[in-house]
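Peer 1: Here is how the chains run, residue by residue.
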Amino acid sequence: MSAPSDEQPPAAPARPNLAYWRANLVVIVIMMIIWAVVSFGCSVFFVEQLNAWHIGSLPVGFWFGHQGAMYVFVVLVFAYALIMDQLDKKYGVKE
Amino acid sequence: MIDFPPLLGFVELSSAVWTYIFVTITFFIYLYIGWKSRVKETSEFYVAGGGVPAIANGAATAADWMSAASFLSMTGLIAASGYDGTVYLLGWTGGYVLLALLLAPYLRKFGQYTVPDFVGKRYYSETARVVAALCAVFVSITYVAGQMRGVGLVFSHFLAVQVEVGVVIGMVIVAFFAVLGGMKGITWTQVAQFFILIAAFLIPSIALSKMLTGHYVPQIGFMTGDIHERVDALHAELGFEAYTKPFTNRSQLNVFLTMFALMTGTAGLPHVIVRFYTVANVRAARFSAGWALLFIALLYTAAPTMALFARYNLLSTLNGAKIVSIDEGENEDGEKTGTPIYHLAAVGEDGTETPIHWINSWQVTDLIVFNDKDGDGVISLQKDGDTFAEATIDKDILVLATPEVAGLPGWIVAIVATGGLAAALSTAAGLLLVISSSMAHDLYIHFVDPKASEAKRLLVGRIMILGAIVVAGYFGIIKPGFIGEVVAFAFGLAAASFFPIIFLGIFDRRTNREGAISGMITGIVFTGGYILACKANVILPFLFSEPLITPMFANWTEGGILPESIGAVGCMLNFVVTLVVSRLTPAPPEEIQQLVDNVRIPRGSHAPEAHFDETDAEADNP
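Just so you know, the sequences run in chain order E and R. Under UniProt numbering, think of the first position of the first sequence as 1, with each following residue one higher. Under UniProt numbering, think of the first position of the second sequence as 1, with each following residue one higher.
One should not assume that every hint holds.
Said to hold, decoys possible - In silico lysine to aspartate or glutamate, DMTMM-like type, Cα no more than 25 Å apart, as pairs:
1) Lys90/E <-> Asp597/R
2) Lys245/R <-> Glu48/E
3) Lys245/R <-> Asp226/R
4) Lys121/R <-> Glu48/E
What the hints assert, rightly or not - What follows is a set of in silico ranges between Cβ atoms, one per label pair, in the way DEER data are often shown:
5) Glu48/E <-> Gly529/R: 26 to 36 Å
6) Tyr32/R <-> Ile83/E: 38 to 48 Å
7) Glu237/R <-> Glu48/E: 41 to 51 Å
If you're looking for bench data, these hints aren't it; they were derived computationally from the structure. All C-beta atoms, glycine included, are put in the ideal place defined by N, C-alpha and C.
Generate coordinates for the entire structure from the input sequences, incorporating the hints supplied.
Peer 2: If you want it as C-alpha cells, here you go:
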C-alpha cells in the first residue's frame, strides 16, 4: 500500500470535509493557546512577575493559580461548543 | 459569625447522630434511584440509551469524576502547600479543556462503548485492545485505592474506629453499590450525588467566608478579604514561607509537570471518556463537557478559599493552645494502650480559657497527634522540617474537621461527611464498572476462555470487582500517600497510556497499530515503574525497607522529578514512541483512514454498536 502522509493535499472527492476540519483545527489551536497562557503562562512560568500586581491586596499571580485560570477554562469550553455550532452549520455537517 | 439555625430544632443532637441520619437517608435515595432506573435493554446498561440530556450528563460526569480526592483531600493538600496547590486546581480543571476540544466530540462520533473498544477498532488490533484493557485496569485500581482511603476516613471518624477498620467497612459498602444497576442507574444516581456533594462543600465554605471575610460568596471574600495577609503573617511568625508565595513546596518544573500530567490524565481517564457516549449526539457531547466543567468549577473555585480559611482557623486556634490535661494512654499497670490524648484550651486575651473539643475525636483515631516536646505546657505549631513542631495532623482530614474547628453546628459537620461519601461512592462505582468490563469482556475472553458463556462472564466480572476492591482496600490501609497524591498517580498512568494514542488516533491518520501498542506499553511501564521504584517501601513494605530509587534529576530541579510529575514525562515518551514507530511501519489500512476522516465530522453519529458484555447477562437475569 502507498503511504499517504497526513498533511498531503488529497484528491478532493476522497476527503470532502477537509475545509471543515481545517477550520476546526484553527479554532482548536487558538483556544489551546489561550488555555496554555492562563495555565502554564500566568500560573507557572510568569506567576512571580504577575505577583507584582495586586487585586486589592491579593497578588494577581496567586489569584490566577487559585481562581482566575479556572474561570477562563469554563468560558473556553462553552465558547468552543458555540463556535462549532456555527461551523457545523456553515459547512453543512450538522446532525 | 452567622448563627446557623439548629435543624428541625434538634440542636442537641451530636454530629455523629446527624451523620447516621444523613448517611442512611442518602443511601436509601441512591438505592431507590438505582432500582427505579434498572435497565431493561443491554445497550442501556452501558450508555443509558443515549437519552441523557447534556446538562444532566454534565452533572453526572462531574460527580463521577469529583472523587474523595477533590472533596476530602485536595483542600488539605492546598492548605499545606499554599500556592503550589494550584497543580491540583488547574491540573484537574484544565484537563477538561483538552477533553472537550480534543477528544469528547470525536469519541462520541466513533461510537464504541469503552476505551479498549475504541483502541481495538481504531488500531485494528486485538493486541492493542488487550494492552488498553490492562492499562485501564491499572489506572482504575489506583484510582479506587484513593477512594477507599476516603470512605475509610469518613467511617473512621463518625464511628470512632481506626482508619483500617473504616476502610474495611468502606470496602463492603462500595462492593454493595458497585454491583447495583447499570450506566443509566449510575447516571441518575450520580446526578443526585452531585447535588449532595456540591451542597456539602459549599455550605461550610459560605459559612467560613462570612465568618472570616464578611462576604457570603467565598470566591469574592477570597479576593476582597485580608485573610491571605493574616495567613502570611501567621506563616512568618511560625517560620513557614508565605502561603501566597509560589514554588515553596515543589520546584517550578515539578509544578509544571504535575499540572501537565493531571491535565492529560483527566482527558485520558477511561470512566470519564465513557460518559460522553451517554449523550444524544456530537453537539451534546461538546456542551456536556462544558456543563461538567462548570459544575466542577463550582467546587474547584471554592476549594482554594476553603483551604485558605481552614489554614487560618487551624493555625490561629491550635498554636499557643494551653494543655489542660493529658491522658497518657496507659492502663493501670503503666502499659501503653495508645497515643496520649491531649485536652487543650484556647486562651483569650483576658486570660479566659475555652476548651477545644473538636480535637478529641481525631486523637482517638491517631489522625491528630500532639507531643509537647519541650514540656512548656503549650502547643507550638512552629515549622519543624515539613510539619509542625508539636502536632501531626493528617492532611486528608481538613475538610471533615473544618466545620468543627469553626464551631459550625453538628448537622453541617454531618452534611460534609455525607458529601465525602457521595464523592467517593460515585467515583468508585464508575471505575469498578470499567474494571469489570475490561477484565471480563477484554482480558478473560482473550487469555483464558474465548468461548465463555454469558453466565460465566458475568461471574468473572463480579469476582473481578471484588478482587479490585480487595486490592484497592489494601492500598487504602497501607496509604502510599495522601488521597490526592494516590489519585494523582492514577492520572499520571492515564496520561502516559491513553491520552497520546487517543489524541493521535483522531488527529493523525498515519498513526498505526504498531505505534499505538509500543507507545502505550512504553508510557505505562515507564510511569508505573518509576512510581513503584520511588514508593517501593510504602507499596510493598514486606519486601522493601527503603525506596529503590530517589527521585531523579535532583541536580536539575530541587527534589528531583516527583512521582506525581512523572506521568507528564511518560506522556511525552508515549507521543514520541508512537509517532516514530508509526512512521517506520506500514500505514493503517485505507478503511481505517476513512474511518478517521468520518470521525472528524459530526454528521451521522449513531448509537454505540451493540456488543456483548458481562453486563448483558444481568439484563437477561434480573
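Peer 1: Run every hint past the structure and note whether it holds.
Peer 2: Results of checking the hints against the structure:
| no. | hint | in the structure |
| --- | --- | --- |
| 1 | Lys90/E <-> Asp597/R | holds (18 Å) |
| 2 | Lys245/R <-> Glu48/E | holds (8 Å) |
| 3 | Lys245/R <-> Asp226/R | holds (16 Å) |
| 4 | Lys121/R <-> Glu48/E | violated (47 Å) |
| 5 | Glu48/E <-> Gly529/R: 26 to 36 Å | holds (34 Å) |
| 6 | Tyr32/R <-> Ile83/E: 38 to 48 Å | holds (41 Å) |
| 7 | Glu237/R <-> Glu48/E: 41 to 51 Å | violated (24 Å) |
Hints 4 and 7 from the earlier list are contradicted by this structure; the remaining hints agree with it.
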